[in-house]
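**Q** Below, each chain spelled out in residue letters.
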Amino acid sequence: MKGKGIKVKKRIVWALIIICVLLSAVFIYSRIAGKKEYVEAVSESERKAAFELLSKSLNIQGKRYPEFIENIDVPCGTDEGNISAFNECKLDYNNETVISASIPSEGLYEMEVTYSSEGASLTDYLVEIYINDRQEYEEMKSIILPLSWSDETKDFPVDSYGDEIAVAPVKYAGLLTTRLYNTTYYTVDPLLFHFEEGENTIKIKNISNDGLVISSVKVLPKEDTLIGYEEYTAKHSGSEINGEYSVNAVDYVKKNSVAAILKSERNPSVTPYNAEYKKLNAVSGADAGIEIEYELNAPEDGLYKIGFHYRNEKEDFSSFESIRIDGQIPFKEVACYEVKTTDNKWGNETLSDENGNPYLFYLTKGVHSLSFKSESEPITRSWREGRLIAEHVTQFALDIKKVTGAQADKNRTWKMTKYIPEIEDYLNAYEVLIRDIQYNLQNYTPNGVKSAKLSELKRALAIIKQLKEYPDEIALYTENLTGNSVSANNSLLKLLGDFSSNIAKQPFELDMIYYGNVKMGRENPSVFQSIGNSLSALFYSFTSPKYKQDAKEDELEIWVNRAVTHVDLLQKMADSQFTPETGIKVKISLIPDVNKLTLAAAANETPDLALGLQSHMPFDLSCRGALYDLSKFDDFWTFAGDFAPGAFIPFVFNEGVYAVPETSDFNLLIYRTDILQSIGVEAPSTWQELTDTLPELQRYGMNFYHNIATNIGYKWFYQTAPMIFQHKGKLYSEDGLDAMISEPDSVAGIKYLGELFSIYSIPSQIPQFNDSFRYGILPIGITNLENYNLIKNGAPELEGQWELALYPGTVQADGSIDRSYVAAGSGGVIFEASDKKDEAWRFIKWWLSRPVQVEYAHTIQATYGKENIWLPSNLAAIEDCTLPAEDKHLILEQLAYLQDVPRTPGQYLLERALSDIWNKIALDGSSAQVAVDKQIMEVQREMRKKMKDFGFIDSDGNILKPYKIHDKEWIVEQIENARKGE
Amino acid sequence: MAKKKTEQVRDKALVLNGDFGTSMVLLAPYVILFTLFIAVPVCIAVGLSFTYFDAINTPDFVGLDNYISLFTQDNIFMKYILPNTLKYAIIVGPGGCILSFILAWMVTQLPRIPRTVLSLAIYTPSMVGPLMVQFVWRTIFAGEQRGIVNAFLLQHGWIDQPIAFLMDARYLPTIMIIVSLWSAMGIGFLSMIAGILNVNTELYEAAYVDGIKNRFQEVIYITIPSMKPQMLFGAVMAIVNAFNIGWIGPTLSGMNPTPNYSGQLILNHIEDYAFSRFEMGYAAAVSVVLLIMVWLFSKLAGALFTEKN
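Chains S and X are the protein sequences, given in the same order. Just so we're aligned: the first sequence equals residues 1 to 982 in our numbering. Just so we're aligned: the second sequence equals residues 983 to 1291 in our numbering.
Same shape as in the complex, but just chain S (with noise of 0.2 Å):
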């Protein structure tokens, strides 16, 4: 016995010397590892010479304000230029105005705006600039004109649950003046136009939705370089000033973007703080070019330090913040000053030198405003060189399956070098290109290029230097270059485009300015204010009555299955509108699962309103009763023409209308237009023009993507029916009682359908078409709000290098092309059992209205980052909605196709048999006429079992009472009549 304790004793000390050992490795490696590491500087000429090897060689030119600057040998202008005679002029979207200027030397110059909005426009203006009718750079294609924002007051209301919440910023009004930049504000100085000697034309083409009023334009030169620190030191003598004085940052008097939110921080070391209630407490935004503006009230005159307490989460990387005081900034030091990163903590910061030593900023007796903007200048050249390895090698992969063809054969003896003898020259400036990024970014990261940021750099360089092992042989190795297989999981492209994406944002959160002697307070909450917070905040969500669902007697009952994002502000916008405008109490709460809707109606415990209901749920709900039918209010129909008749058809039931339509979707057309221009393919506008191309795309080892081609087994009528409706055939005879997919009509749809997999083989299961979107694979394909939100801000580096287009379609008899889709939004239900009917009525009346449908998409996207697209079902609101005004025309006029499936009590059954028939013929590569007789037997027994179930017919098939099916025909007409009955 005795030996075995020591036995066990030996056992235990060598297990824990191993556990000591192991450790201690670990800590050591990740001490070496995490060991800083910087590169050497790459010569001018060297760089030059690779960006320009890489620029020209690319299929499609346009030239970059970078590239244009460093290239133009003018000089910039010294005199201002003479606009002759020009009036007011009011511009709408897609309209124009053309200026002449006189000049008077040859030179850049920079340009000057006076401008005022005209309509409810929340977004910044865009416009086109010509110059002589030439834009010489791409980013005249993209000048911004900012608004001005302020808040209305600074006592925020609050909510019914205490909280405070952010006033709708209110636009200034009047005139504003600018210089040009353009989106992304690439540079600190405004843009450079290049203007001749003598008369030049200047045309202003306004490309955003609502009006813009252009007042008056200068042509003016660039403004004096900045001086330096000492300079400005010798310039101002004063004493330093003793006070300490400090701003908060909500109370800024203007921002130019409303993507600068207003912000609830829950941690005690930002202020003001309050355990239980919200307090709105930092200011945040994400872009280059936001400007937020104070006033600081100096008490006398002298030097004053400044210094801010912030958040920078960017991961390992500086942000830059140019301070202006009194418009103007007052030295270069402190423009584009680097802000470092806090990660998720906060930090506090005096603006100083790189010694530490802090700048002394001369203030007068009186009041001055300080103004933070987000600068993206010092990675302007090498986002600019990120993105160009991307686009090359993009077209280079296309280059060498020219060659080779969409496989390469592994076994023959490859000589690339041959057919593109730039290989090893492209590789190499990649190369350089890259070096160069790194050298010029190490700095601004606290660990060098083994920081997180820069470590997708890291891992090209390792991929080139592969490739450049075996040139003859790279096309076999096209997958490192744009591939995304899990295999080769770093691709070229996706290292640099995850990275251009990543380094353009500049996060900044601002809690408190400091000025004076700046005494600043705790950066983080100490441990035990943490505890102690995170224990309040537990012993308040007791307390607290958001997380309770009962409404009271008179409040008037809501559910809604959306993100409890939108819950929140759903009620904060009827609280603050509803309820005063016409007294009703709203309580709004969340229904994670619809579910619970069937199981409340047969409790009967439902709410008044439910809200964010799928197309299927209103159907379900009502054919089994439960549901009021809308068209019983007078003004339905009249309210109804506010939106696409298409949208209605899923929720009509018989003679009634169960739901109203609260969102969108669309189908359109997406693709890349660098990739189809250098393949030489048109974008199709019919199914026919597609078949036509997909050989051509095949070559390159690229295909289509059809929105039938999910992961998901199961075919909804969105992907089956539009072939059909597009073929003019019909899913059921107009009594309901009958499937009419055996008709000749439908059969050709569903034919075709199945088809455009079996025979043009594009590929039948997709898991992420964003993704294959983004590395060229599928460069076309149907999208939805979905993807299209997924390709627009998920993939900032493809920005320009994608257009829509509208969903293909089938050319019918007359020469005309159906172009019909299916894609149903949310929807909005009144119950059968409540017992505030006009209430509820009143109250979608109000939220389905244009302005709250606006505000709504416009604060959605303000508060939770620009990911959170809103797309309205009220027509006129989508035209003010937060997308880019094509994309919303292009939306619009293919809203005018939705046609949905109308329901019938067995339509789930229908439904079904389409999946199975597109399976049949599209896997299985079986008859269309075969796989449809297979079905429909079943089909009709299932529909009339139902209609006998529902009381619509007896067991012998006679009608007992009629069932009618209403097509968009039908819905049309009533809003037709409505309209006339006025």
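It is possible that part of the hints are untrue.
To be verified - Pairs of lysine-lysine, DSS-like flavour, derived with a Cα cap of 25 Å:
id, chain 1, residue 1, chain 2, residue 2
1, X, Lys1061, S, Lys945
2, X, Lys1061, S, Lys934
3, S, Lys888, S, Lys171
4, S, Lys572, S, Lys154
5, S, Lys751, S, Lys728
6, S, Lys934, X, Lys1210
Keep in mind that the hints were calculated from the coordinates and are not lab data.
With chain S's structure known, arrange chain X on it following the hints.
**A** Relative to the frame of chain S, chain X by itself:
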């Protein structure tokens, strides 16, 4: 008589304060929970199976209609559900059981630490459930060039177009069975390990003295007979599991119903009727049929593994 009376009184007192009271108190939690959460729902289900119930309005009594149409009119049930379920249950039930035993036996041959690690590793899949299946198996069998199996087949030139494994009715059932076997090493597997480890080692020694020649005979003559209770438990668990697993098909193909009903099991049929077609009464009738099937098969397993005497 008098004596008897006092005895009766004492018995009564015992009933109230002694054994009977104690046993009632001890039984109560089980009885209450069993009644509330098992007996009552089962009775309601049986009751509902004689009605037409659309989940919202009051159920209508329709007698045996649901059962009659299940066996005479439900093409899908007869053509796909029943064959699929039986095929699946027969392969995955006994198959899973046998596999559990073989793996358990192999694992028990190892020293302690690797045995613990390995048995934990083998047990894990049955705990991780649908989420894991979704990520691991849907990636492996993804129907595009980048799916692991497809990429492998394409690379070796065995196919020239990716196969949509999870959507094609020809492949889905096989894949379901593979995935089910992978995740079948559940509680039954643990009980088998316990059973094998519990066999008295003296029996083996005695058997060798009696002339057993190899490990195989050892398993057949000693191990299996000595662990019949665990075998029974493992078998019943495997069969009940095989019938009650409904999520694998829809998880793999993405939604219930599976394409062309190829992976449709009886539980999916119940869900289909209950939540897509809103025919709760019919769904209840199918559940009753399922209950009876499971009971019959468990009886069969019992007959195989319980000691005759």
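**Q** A separate judgement is required for each hint: does it hold in the structure or not?
**A** Verification of the supplied hints:
| no. | hint | in the structure |
| --- | --- | --- |
| 1 | Lys1061(X) to Lys945(S) | holds (19 Å) |
| 2 | Lys1061(X) to Lys934(S) | holds (13 Å) |
| 3 | Lys888(S) to Lys171(S) | holds (23 Å) |
| 4 | Lys572(S) to Lys154(S) | holds (17 Å) |
| 5 | Lys751(S) to Lys728(S) | holds (13 Å) |
| 6 | Lys934(S) to Lys1210(X) | violated (49 Å) |
Checked against the numbered hints above, the structure violates only hint 6.
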